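My request is simple: use the sequences and hints to build the entire structure.
Okay, here's what each chain looks like letter by letter:
Protein chains: 2
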Amino acid sequence: MKRKYNIALLGATGAVGQEMLSLLEERNFPVNNLIPLASARSAGKDVDFCGEKIKIKEATSNSFAGADIVFGAVGSGLSRELASSITNSGAIFIDNSSAFRMNDDVPLVVPEINPEDAKKHKGIIANPNCSTIITAVAVNPISKLSPIKSMVVSTYQAVSGAGAAGPQELLAQVKALLANDEIKSNVFQYQIAENLIPHIGSFLDNDYTDEEMKLQREGSKILHLPDLKVSCTCVRVPVIRSHSISACVVTESQVSIEAASKAIDKAPGCKLYDDKTKKQYPMPLITSNQDIVYVGRLRKDLTNENGIALWCCGDQVRKGAATNAIQIAELFID
Amino acid sequence: MKRKYNIALLGATGAVGQEMLSLLEERNFPVNNLIPLASARSAGKDVDFCGEKIKIKEATSNSFAGADIVFGAVGSGLSRELASSITNSGAIFIDNSSAFRMNDDVPLVVPEINPEDAKKHKGIIANPNCSTIITAVAVNPISKLSPIKSMVVSTYQAVSGAGAAGPQELLAQVKALLANDEIKSNVFQYQIAENLIPHIGSFLDNDYTDEEMKLQREGSKILHLPDLKVSCTCVRVPVIRSHSISACVVTESQVSIEAASKAIDKAPGCKLYDDKTKKQYPMPLITSNQDIVYVGRLRKDLTNENGIALWCCGDQVRKGAATNAIQIAELFID
Chain R
992 MKRKYNIALL
1002 GATGAVGQEM
1012 LSLLEERNFP
1022 VNNLIPLASA
1032 RSAGKDVDFC
1042 GEKIKIKEAT
1052 SNSFAGADIV
1062 FGAVGSGLSR
1072 ELASSITNSG
1082 AIFIDNSSAF
1092 RMNDDVPLVV
1102 PEINPEDAKK
1112 HKGIIANPNC
1122 STIITAVAVN
1132 PISKLSPIKS
1142 MVVSTYQAVS
1152 GAGAAGPQEL
1162 LAQVKALLAN
1172 DEIKSNVFQY
1182 QIAENLIPHI
1192 GSFLDNDYTD
1202 EEMKLQREGS
1212 KILHLPDLKV
1222 SCTCVRVPVI
1232 RSHSISACVV
1242 TESQVSIEAA
1252 SKAIDKAPGC
1262 KLYDDKTKKQ
1272 YPMPLITSNQ
1282 DIVYVGRLRK
1292 DLTNENGIAL
1302 WCCGDQVRKG
1312 AATNAIQIAE
1322 LFID
Chain H
992 MKRKYNIALL
1002 GATGAVGQEM
1012 LSLLEERNFP
1022 VNNLIPLASA
1032 RSAGKDVDFC
1042 GEKIKIKEAT
1052 SNSFAGADIV
1062 FGAVGSGLSR
1072 ELASSITNSG
1082 AIFIDNSSAF
1092 RMNDDVPLVV
1102 PEINPEDAKK
1112 HKGIIANPNC
1122 STIITAVAVN
1132 PISKLSPIKS
1142 MVVSTYQAVS
1152 GAGAAGPQEL
1162 LAQVKALLAN
1172 DEIKSNVFQY
1182 QIAENLIPHI
1192 GSFLDNDYTD
1202 EEMKLQREGS
1212 KILHLPDLKV
1222 SCTCVRVPVI
1232 RSHSISACVV
1242 TESQVSIEAA
1252 SKAIDKAPGC
1262 KLYDDKTKKQ
1272 YPMPLITSNQ
1282 DIVYVGRLRK
1292 DLTNENGIAL
1302 WCCGDQVRKG
1312 AATNAIQIAE
1322 LFID
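Note that the protein sequences, when read in sequence, are chains R and H.
Counting in this note's numbering, the first sequence runs from 992 upward without gaps.
Counting in this note's numbering, the second sequence runs from 992 upward without gaps.
Please note: incorrect hints may appear among the correct ones.
Pairs count within a copy or across copies, as identical chains cannot be separated in the list.
Calculated cross-link-like contacts (lysine-lysine; reagent style DSSO-like; alpha-carbon spacing at most 27 Å) [what the hints assert, rightly or not]:
{"id": "1", "residue 1": "LYS1291", "residue 2": "LYS1140"}
{"id": "2", "residue 1": "LYS1220", "residue 2": "LYS1267"}
{"id": "3", "residue 1": "LYS1270", "residue 2": "LYS1166"}
{"id": "4", "residue 1": "LYS1140", "residue 2": "LYS1220"}
{"id": "5", "residue 1": "LYS1220", "residue 2": "LYS1291"}
{"id": "6", "residue 1": "LYS1269", "residue 2": "LYS1175"}
{"id": "7", "residue 1": "LYS1291", "residue 2": "LYS1269"}
{"id": "8", "residue 1": "LYS1175", "residue 2": "LYS1270"}
By construction, these hints were calculated from the structure, which means they are not laboratory data.
Since the structure is predicted, the reported quantities are computational estimates derived from the model, not experimental observations.
Here's what the structure looks like:
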């Protein structure tokens, strides 16, 4: 009989936590006990899991006894606060926050790319940033042909990247615009309906945002490219779900478009979707509610003979967060 | 007494034509007679101009007698068909279509950048592509400090770039989504509401679209940079008005962010809007219905020591089309 695992879900009421619940069920993850955890405010409410209603408990340092795997779907602060309680309990902590991603002793894992890193964990495994996961899955097959030296990236990030309140705010603004009512912006810095906001995360001293720097920092660690340079511009767009990324990728030696396309077509987690005669290219409309990164618009970078331009889209709540975390856990099940 | 000019407006009923009418009035262009021209279908309807109603006439080869300046706001086909009738009548043809932009004997002009080229015309002056105008205005001050060698560009183009029917289609789709009705897509290849479409124009043999190649071809001609290389990805976004552009600009020698910012701040047609502490960066929400290109998010390109990353927005119906054409005409008035 196959082993089953006790799973604690830290942040069971958030957008990523809710997605994890349905994905654990959808992927038939061998769950023995599910322990949904959240803030005191949500404790006592139910979550639905495999036809059962399970009571949410308040997340405290005593919540993790008996857990085999703890999924973290909360902010960095709470992840930091509870990490030692989790690892001391003997569980593996698969954390979706940015708290530990760049720690030397914490693997940062995309299972299609660097599953071997996961095995080196000392209790914590970090789940990368959403745009970074999607971009890394798309460009890794190219990097295997010739290591990537640099990328210029512009993102088109959906409002669901800001949690469940993001789509609610966009929808409320869309309705307010139609009714000529006042527009309220709480989740985003400005109105996002019919607008674009080139500001995700916090500005750093180099005038990039922390979100923009993740593509270089986390990308470098995941792809095992210590010298990777990435100039990234992150932009919030009025799309509900699926992040899109426009990238120019420069490799050490020249890679043909044919070779890159073939490699992407064969790579796990990727779908080559690139036929101009059939108007086939990735779009949020067709890539949401899936675990696959769609890659298309492959062509020679006209500014660099070792460059390739491409466009990719993926569901950032699933592959960009919840699915990737569960795939990491699947590396450890019998 | 100042001279007044007879102005024919070819395409008086379209989005750009309508904008030209209101801009001729707003800018107090010295109009003697206005001759609004359109297809037979629109002939006989009225346009409003300076408090008068003026009857639209059908555009034919006989429409241009007595005109001093003809503004073209129609497709390339009709521009080509009527061009010789216009120039034979002695008028200057300022054409917004792509028909003549790359002809050696046709100046391609952004008045803030290369007004001197306009004077070399042989009857036709071409108005550049909208994204190209906006990008060129933003990067020209940098190119004056050190010539631009290459740019990697991703665009975020508003639906009004597709003419008056673009915003109508987006709005209809937004309403249909709220009502759970069927989505109809006629103007765009796919649903644009809550979606992104990385396909504007027609695909060429090099797998770029003609829209994407305009930034290199037209940018090179306007900026007098014969060797300019541009890798561009053009994306339609669910925004009503104002195109946005994310660009990494590589110059021959290094330009500091401080010098680039100062040059942009002083340049005509530009507004430096770049203060992270005040959350000041260009957005479609604040740049529409204006003639100025907003430029912000200036920072070092991390992939190239001679590179600068920036983000700019401008109203593509105005500065990207109608305003630029009228500014060209203003170079010729007393």
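So, going through the hints one by one against the coordinates:
1. LYS1291 x LYS1140: This pair counts as both: shortest intra-copy Cα distance 16 Å, inter-copy 17 Å.
2. LYS1220 x LYS1267: between (30 Å within a copy, 23 Å between copies)
3. LYS1270 x LYS1166: between (31 Å within a copy, 26 Å between copies)
4. LYS1140 x LYS1220: both (7 Å within a copy, 20 Å between copies)
5. LYS1220 x LYS1291: Intra 19 Å, inter 12 Å, cutoff 27 Å: intra and inter.
6. LYS1269 x LYS1175: So LYS1269 and LYS1175 pass the 27 Å test across copies only (19 Å; inside, 41 Å).
7. LYS1291 x LYS1269: So LYS1291 and LYS1269 pass the 27 Å test inside one copy only (20 Å; across, 39 Å).
8. LYS1175 x LYS1270: between (37 Å within a copy, 17 Å between copies)
The earlier numbered hints are all upheld by this structure, with none contradicted.
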